[in-house]
Amino acid sequence: MMRVSRKLRKWTATILDLPQDVALDLPRITMIGGLQLTVENHRGILHFSPESLRLAMDNGEMEVTGRDLVIRNIGTEEVFVEGQIMGVQLHVKGKTPG
Amino acid sequence: MRANWVAYARGYVWVKLIGKQSEAFVNAATRERIELWDISFGRAGELTFGVSIPDFFRLRPILRQHGCRTRIISRHGLPFRMARLSRRKTFAAGMLGFVLILFILSSLIWDVRIEGSSAIPEEKILQAAKAEGIYDYQWSFRLGNAATLSQRLAQRLPEAAWVGVEKKGTSIKITVVDSTKPEQKKLEGPRHLVAKTDAVITKIVAENGRPKVERNDRVRKGEILISGILGSETDQKAVVSKGKVMGLVWHEYRIATPLETKTKNLTGESQERKYLIIGNRALQISGYGNSAFDSSEIRTTVQRAQLWQRLLPFGTMKEHELEVVEIEKILTPEQAKEAGLSQARAELLAKCGPESTIKAENILHEQTENGKVMLTVLFEVEQSIEVERPIF
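From first to last, the protein sequence lines are chains B and V.
Take the first sequence: its position 20, counted from the start at 1, is 20 in UniProt numbering, and no numbers get skipped.
Take the second sequence: its position 335, counted from the start at 1, is 335 in UniProt numbering, and no numbers get skipped.
Source of the hints: derived by calculation from the structure; they are not laboratory data.
It is possible that part of the hints are untrue.
[Claimed, not checked] As a list, the in silico SDA-like pairs of lysine to any residue whose alpha-carbon atoms are at most 25 Å apart: (1) V:Lys-16 with B:Glu-82; (2) V:Lys-16 with B:Gln-84; (3) V:Lys-196 with V:Glu-252; (4) V:Lys-20 with B:Leu-46; (5) V:Lys-20 with B:Arg-72; (6) V:Lys-20 with B:Gly-44; (7) V:Lys-359 with V:Ala-346; (8) V:Lys-318 with V:Glu-272.
[To be verified] Simulated coverage check for chain V against chain B, where a stretch passes if three residues somewhere in it have a Cβ under 8 Å from a Cβ of chain B: (9) 14-28; (10) 32-46.
Here a beta-carbon is modelled for each residue, glycine too, at the ideal position from N, C-alpha and C.
Using the sequences plus the hints, can you model the full thing?
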């Protein structure tokens, strides 16, 4: 059932030329240089330290690595991170990281 | 929300979190829609963040759930300021006092000014204004509005045609416009018009009263020309006699005119000397040397230094020395006679009044003696001869 609805939504998005994040409820990541990062549609913090921030997503995790990371603002949908960002990695559920 | 004025108004605290499950705590806080900002790790590895005061109290159950504790690092915002201010009583009182004094002073009338060129003395206007409650250091709010004030002030000043009261801040301007009045007539008592001197009447016009003389009558000094008494012997009334009486009057004049006249003339040559004044001493600055002129006239101008209205004991003095030459003029007896006569005519007309005219002149005697021309002249002058004499 889930797969059918997801397929339908994906099809609608392609037909109507909608951005994927709106249609599929995927996280949208906006990064400004290596300094600021905004993640929309996250599902909570899994781990936070000055070197890494792991966020939960619908189908997996996302890891932001860097130095002196600070969460400037956090809301139910949105996280705004500042610091020296070095990498963003997505770990999709059921697959090996990479 | 961070560090803007809303946060400042509500007040916020910097908090240090002590506990293990910091991520879970942050997630729980977000789920409760509690806003945390600037979440970062301190040196010792503990989480610090900012939170507004109302949100801080809502954090408590979440903290208990996750077995965490908080420690406040610093407090910011208006509520804390106010709390601190309430501890400093004198300071708060001073602030309040300042506002209060400013309010009190600005609700006083500091200045009452009177404008408009009015014949009514300013003292009287001020007195009337005072009676209506307009005076210096009066409370501004005790005054009525300007329209009624000006109306009532106008009632107190019947001489004024219009009174305007204008309030501008802490000063009041009263404008008074005079009503124009007819000219006041001089008070006159009943009187006669009598002759000033012996004369022959040439013209008599009586506006009021009864004329007693006619044209070509000879009158003596003090004779009644126009009588102020009307009516018969038994039934009479005294009035203010008015009129115009012209008469011929003889004046004898003795004139002595010198044949030699000396006049002082300026040659146009001049010298200037400048001095510096200190107290009552003068120090010469320029124009040294003796005077180059035989006879001269010195004109001095003193310029004292002034500080506002006060004269200072310093200044400069300028001496202007002008060369003078005396010119002697020798007249012939004819010229001297003519000069003497014209001077006598001018004097006579000035003495007899503006309406007088010289009708004739007779030289009775003429003699040249000791460099002078001596003349005796009889002038016949037509002039007004009436003078008032009151009837008692």
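Structure-based check of each hint:
no. : hint                     : result
1   : V:Lys-16 with B:Glu-82   : holds, 19 Å
2   : V:Lys-16 with B:Gln-84   : holds, 23 Å
3   : V:Lys-196 with V:Glu-252 : holds, 17 Å
4   : V:Lys-20 with B:Leu-46   : holds, 13 Å
5   : V:Lys-20 with B:Arg-72   : holds, 21 Å
6   : V:Lys-20 with B:Gly-44   : holds, 17 Å
7   : V:Lys-359 with V:Ala-346 : holds, 14 Å
8   : V:Lys-318 with V:Glu-272 : holds, 7 Å
9   : 14-28                    : holds (count 4)
10  : 32-46                    : holds (count 8)
Hint violations for this structure: none, all hints satisfied.
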